[in-house]
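Chains as they are written, first to last, in the numbering used here: chain A, 1 to 197; chain B, 1001 to 1472.
The reader is advised that the hints may include incorrect statements.
[Claimed, not checked] Keeping only pairs whose Cα atoms sit at most 25 Å apart, straight-line, the calculated SDA-like set for lysine to any residue is: (1) B:Lys1023 with A:Asn61; (2) B:Lys1023 with A:Asn67; (3) B:Lys1311 with A:Glu124; (4) A:Lys187 with B:Gln1014; (5) A:Lys53 with B:Gln1014; (6) B:Lys1165 with A:Lys53; (7) A:Lys132 with B:Asp1318; (8) A:Lys192 with B:Asp1416; (9) B:Lys1082 with A:Arg32; (10) B:Lys1191 with B:Ala1421; (11) B:Lys1311 with A:Gly160; (12) A:Lys137 with B:Asp1318; (13) B:Lys1313 with A:Asp57; (14) B:Lys1262 with A:Pro193; (15) A:Lys96 with B:Gly1199; (16) B:Lys1023 with A:Ala162; (17) B:Lys1023 with A:Lys137; (18) B:Lys1052 with A:Lys137; (19) A:Lys192 with B:Lys1082; (20) B:Lys1023 with A:Leu180; (21) A:Lys192 with B:Ile1280; (22) A:Lys96 with B:Glu1254; (23) B:Lys1052 with A:Lys53; (24) B:Lys1023 with A:Asn171; (25) A:Lys96 with B:Ala1276; (26) B:Lys1023 with A:Tyr189; (27) B:Lys1313 with A:Ile148; (28) B:Lys1010 with A:Pro59; (29) B:Lys1313 with A:Pro3; (30) B:Lys1262 with A:Leu180; (31) A:Lys192 with B:Arg1322; (32) A:Lys192 with B:Gln1014; (33) B:Lys1165 with A:Tyr164; (34) A:Lys132 with B:Arg1322; (35) A:Lys192 with B:Val1260; (36) A:Lys53 with B:Lys1262; (37) B:Lys1023 with A:Gln188; (38) A:Lys64 with A:Arg32; (39) B:Lys1052 with A:Lys132; (40) B:Lys1023 with A:Asp57.
No lab work stands behind these hints: they were computed from the structure.
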Amino acid sequence: MEPLRTHQGLVCPLNRTNVDTDQIIPKQFLKRIERTGFGQFLFYHWRFDDNGKPRPDFPLNDSKYKNASILVAGENFGCGSSREHAPWAVQDFGFKVIIAPSYADIFKNNCVKNGILAIQVSEEHVQMILKKAESEKYTLTVNLEEQIVYDNEGFEIKFGIAPYPKQMLLNGWDEISVTLSYEEKIKQYELKPNLAN
Amino acid sequence: MQTPKTIIQKIWEQHVVHQEDGKPDLLYIDLHLVHEVTSPQAFEGLRMNGRKIRRPDLTFATMDHNVPTRQRLVINDPISKKQIDALQQNCQEFGVTLADIHHPDNGIVHVIGPELGLTQPGKTIVCGDSHTSTHGAFGALAFGIGTSEVEHVLATQTLWQAPPKTLNVKVNGKLGTGVTAKDLILAIIGKFGVQFGTGYVMEYTGEAIRTLSMEERMTVCNMSIEAGARAGLITPDETTFEYLRGRRHVPQSEAFDEAVAKWRALATDTGAAYDAVVEIEAAEVEPQVTWGTNPGMCIPITAAVPNPADKEKPTERDEISRALSYMGLEAGQPISTVKIDHVFIGSCTNSRLSDLRKAAEVVRGRKVSPTVKAIVVPGSYNVKLSAEKEGLDQVFKEAGFEWREAGCSMCLAMNDDIVPAGERCASTSNRNFEGRQGNGARTHLVSPEMAAAAAVAGHFVDVRKFTAQEVG
Chain A
1 MEPLRTHQGL VCPLNRTNVD TDQIIPKQFL KRIERTGFGQ FLFYHWRFDD
51 NGKPRPDFPL NDSKYKNASI LVAGENFGCG SSREHAPWAV QDFGFKVIIA
101 PSYADIFKNN CVKNGILAIQ VSEEHVQMIL KKAESEKYTL TVNLEEQIVY
151 DNEGFEIKFG IAPYPKQMLL NGWDEISVTL SYEEKIKQYE LKPNLAN
Chain B
1001 MQTPKTIIQK IWEQHVVHQE DGKPDLLYID LHLVHEVTSP QAFEGLRMNG
1051 RKIRRPDLTF ATMDHNVPTR QRLVINDPIS KKQIDALQQN CQEFGVTLAD
1101 IHHPDNGIVH VIGPELGLTQ PGKTIVCGDS HTSTHGAFGA LAFGIGTSEV
1151 EHVLATQTLW QAPPKTLNVK VNGKLGTGVT AKDLILAIIG KFGVQFGTGY
1201 VMEYTGEAIR TLSMEERMTV CNMSIEAGAR AGLITPDETT FEYLRGRRHV
1251 PQSEAFDEAV AKWRALATDT GAAYDAVVEI EAAEVEPQVT WGTNPGMCIP
1301 ITAAVPNPAD KEKPTERDEI SRALSYMGLE AGQPISTVKI DHVFIGSCTN
1351 SRLSDLRKAA EVVRGRKVSP TVKAIVVPGS YNVKLSAEKE GLDQVFKEAG
1401 FEWREAGCSM CLAMNDDIVP AGERCASTSN RNFEGRQGNG ARTHLVSPEM
1451 AAAAAVAGHF VDVRKFTAQE VG
């Protein structure tokens, strides 16, 4: 996993609440057995009409947001299915950071495992960013170490993140390797008479 | 005296392998369920790193999402077939027990776990599937995980997890006649929203919960994720133990009694504190129908579709307007006037024997409306055989339903059971998201009884009145 310390990028606004993972990556694209190549299917039915033509009113199709790498959305982003294909698609499309007032637990977790920073800030701040990004080409910078998001015009907000996901993202750790260094502990646990076994 | 604890805290503490500052807890996993959609990349990860499965004996796989329900063994879609073949090969290579489509134990992962007695009180259970919360009905801590976590559990049999906050969902009183577990959970999500459970593990308590059967409890816990909670559980009791007694993977005879004694001790202690509590009066719950594009958008069958203009927040108005437009509904339209084209009885929410029995009772001696295409998809091969033994298949077939093979089917339309664009389906599944049952498909979530009644009437109808009168 690639470490993520600071990131500067163009913001793409997606002013919708309760965006579920069925929208992020519709089920017909879950049949691939690889981890890659999902970006082309991101928000497929919102991006394309029934004939496969891009819908001009969807932000990801707006040339203004070409090469955007920060996605900003409404509350409860990523709700629904646990499919990790959702963050794979978000990442493969080119997004490295998501900003929203809240996330579904499994989606947020899946983001960390893939080196995507899902930042949680107040709804008020999200609305401010959405408004900016809807009216102009808007660039934000994220500093994970300092836990701040800022622009060039003096806007700056602090965000919270638990120490473990922060370290995971900063270092780009392979979590399984980390855990295997605790193998002795796992073995000891397995020797205990277990309630369930 | 020890501080009183919730069942959630008790199970958690029994499974902590390691704790240190600045890290979540390293939690041991007792049962890892695997299906074909969320596992291939995890097995590939193991292969690339030369890793093995730590506990194949605690890992159990099935194929359910892609499987055909018309002819069990004929998979027309080559990509679906590839995914199914991949699971077969992976299970063989890594030594995992697999209930493949030829196997008599095959079925939806959240139906067969309990059926085989793999699901037990006090266990930590995970699966790369958000409806793993279903298994919480047994007093297990069961939650959905992503594919990276699937790989992590395969390799280490553990997960790094921050202790969850606890939320008590108290259901006071009794459900009315004709009101089901499905109506209850929809009403809970309708009342408190699709994210009130985010960050929490929920424990359902109260008189109405205690009187539910195990299959009804599974329906409730199944949809915890639709309220945002990764897990929702119910303290095990006599109903739980009687369900489990004699099942293949539970301890037998004396060992079972010993297990029951341990399971009893899991009960939430009197006076245990939760981080949050919500309450609902069971008697106030009516049969529910969803009108929109998330499970919180539901109303009683007696009500009308909401009007976005009545909402204060612009984001809420937008969301409702968009949902109405997608669903092809008018604000203020009584939901009972909405005509349907399809009925789907199935999914990990409502495809168990008791669900099929209840739906069959509604349709017995009646006919599916000529404008409706209705299918029943049992949750497992075992459910299918049991239902056939009772003649339920005949009841459905005589009424004009199609009687299918087991699988996830039209809940998410990964196989060829798809609702065409613009058409409307009364579905006993768990998600009414845009495109869930097919691109442009319009899903209304209901109980099996309500789905059966809608199939006959051709539109939504109050099953409480429907069963009381003869249909002309």
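Here is what the structure says about each hint:
Restraint check for B:Lys1023 and A:Asn61: the C-alpha separation of about 40 Å exceeds 25 Å, so the hint is violated. Proximity of B:Lys1023 to A:Asn67 is assessed by CA-CA distance (about 35 Å); at most 25 Å being required, the pair is judged violated. Pair hint B:Lys1311 plus A:Glu124 holds up; C-alpha atoms about 18 Å apart against a cutoff of 25 Å. As the CA atoms of A:Lys187 and B:Gln1014 are separated by approximately 15 Å, the hinted pair is consistent with the 25 Å bound.
For the proposed pair A:Lys53 and B:Gln1014, the alpha carbon gap of about 54 Å is over 25 Å, so the pair is violated. Between B:Lys1165 and A:Lys53 the CA atoms are separated by roughly 45 Å; this puts the pair beyond 25 Å, and the hint is violated. Distance check on the hinted pair: A:Lys132 and B:Asp1318 sit about 19 Å apart at the alpha-carbon level, within 25 Å; holds. At roughly 47 Å between alpha-carbon atoms, A:Lys192 and B:Asp1416 are farther apart than 25 Å, so this suggested pair is violated.
Between B:Lys1082 and A:Arg32 the alpha-carbon distance is near 8 Å, which keeps this suggested pair within the 25 Å criterion. A C-alpha spacing of about 30 Å is found between B:Lys1191 and B:Ala1421, which places the hinted pair above 25 Å, so the restraint is violated. Distance hint between B:Lys1311 and A:Gly160 is unfulfilled; the C-alpha atoms sit about 31 Å from each other, more than 25 Å. Under the criterion of a C-alpha separation no larger than 25 Å, the hint pairing A:Lys137 with B:Asp1318 is consistent with the structure, at around 24 Å.
Annotation: proposed proximity of B:Lys1313 to A:Asp57 holds, straight-line Cα distance about 23 Å (limit 25 Å). About 12 Å separates the Cα atoms of B:Lys1262 and A:Pro193, which keeps this hinted pair within 25 Å; it holds. For a cut-off of 25 Å, the pair hint linking A:Lys96 to B:Gly1199 stands: about 23 Å separates their Cα positions. Pair hint B:Lys1023 plus A:Ala162 holds up; C-alpha atoms about 9 Å apart against a cutoff of 25 Å.
At roughly 38 Å between alpha-carbon atoms, B:Lys1023 and A:Lys137 are farther apart than 25 Å, so this suggested pair is violated. Pair hint B:Lys1052 plus A:Lys137 does not hold up; C-alpha atoms about 48 Å apart against a cutoff of 25 Å. Note on A:Lys192 and B:Lys1082: the hinted pairing is violated, with a Cα-Cα distance of about 41 Å set against a maximum of 25 Å. Distance restraint check for B:Lys1023 and A:Leu180: the Cα-Cα separation of roughly 15 Å lies within the 25 Å cut-off, and the hinted pair is therefore satisfied.
Restraint check: the Cα-Cα separation between A:Lys192 and B:Ile1280 comes to about 41 Å, which exceeds 25 Å; the hinted pair is violated. The hinted pair formed by A:Lys96 and B:Glu1254 fails the criterion: a straight-line CA distance of about 56 Å is larger than 25 Å. Proposed proximity of B:Lys1052 and A:Lys53 is contradicted: the alpha carbons are some 45 Å apart, above 25 Å. Among the hinted pairs, B:Lys1023 with A:Asn171 is consistent with the structure: their alpha-carbon atoms are about 15 Å apart, no more than 25 Å.
Pair hint A:Lys96 plus B:Ala1276 does not hold up; C-alpha atoms about 34 Å apart against a cutoff of 25 Å. Among the hinted pairs, B:Lys1023 with A:Tyr189 is consistent with the structure: their alpha-carbon atoms are about 18 Å apart, no more than 25 Å. Pair hint B:Lys1313 plus A:Ile148 does not hold up; C-alpha atoms about 28 Å apart against a cutoff of 25 Å. Simply put, B:Lys1010 and A:Pro59 have alpha-carbon atoms about 47 Å apart, too far for the 25 Å limit, and the pair is violated.
Proposed proximity of B:Lys1313 and A:Pro3 is contradicted: the alpha carbons are some 38 Å apart, above 25 Å. Of the supplied pair hints, the one linking B:Lys1262 and A:Leu180 is violated, its CA atoms being roughly 31 Å apart against a limit of 25 Å. Only pairs whose Cα atoms come within 25 Å are accepted, and A:Lys192 paired with B:Arg1322 is rejected, the gap being roughly 54 Å. Only pairs whose Cα atoms come within 25 Å are accepted, and A:Lys192 paired with B:Gln1014 is accepted, the gap being roughly 10 Å.
Restraint check for B:Lys1165 and A:Tyr164: satisfied, since their Cα atoms lie roughly 17 Å apart, inside the 25 Å limit. For the hint linking A:Lys132 to B:Arg1322, the alpha-carbon distance of about 23 Å falls within 25 Å, and the restraint holds. Proximity of A:Lys192 to B:Val1260 is assessed by CA-CA distance (about 19 Å); at most 25 Å being required, the pair is judged to hold. Between A:Lys53 and B:Lys1262 the CA atoms are separated by roughly 60 Å; this puts the pair beyond 25 Å, and the hint is violated.
With a C-alpha separation of about 20 Å, the suggested pair B:Lys1023 and A:Gln188 falls inside the 25 Å cut-off, and the hint holds. Straight-line distance between C-alpha atoms of A:Lys64 and A:Arg32 comes to about 31 Å, which puts the hinted pair past the 25 Å bound. A hinted pair counts as satisfied when its Cα atoms are at most 25 Å apart, and B:Lys1052 with A:Lys132 does not qualify at roughly 50 Å. Our distance criterion of 25 Å between C-alpha atoms is broken by B:Lys1023 and A:Asp57, whose separation comes to about 43 Å.
The structure fails to meet hints 1, 2, 5, 6, 8, 10, 11, 17, 18, 19, 21, 22, 23, 25, 27, 28, 29, 30, 31, 36, 38, 39, 40 from the earlier list, while all remaining hints are met.
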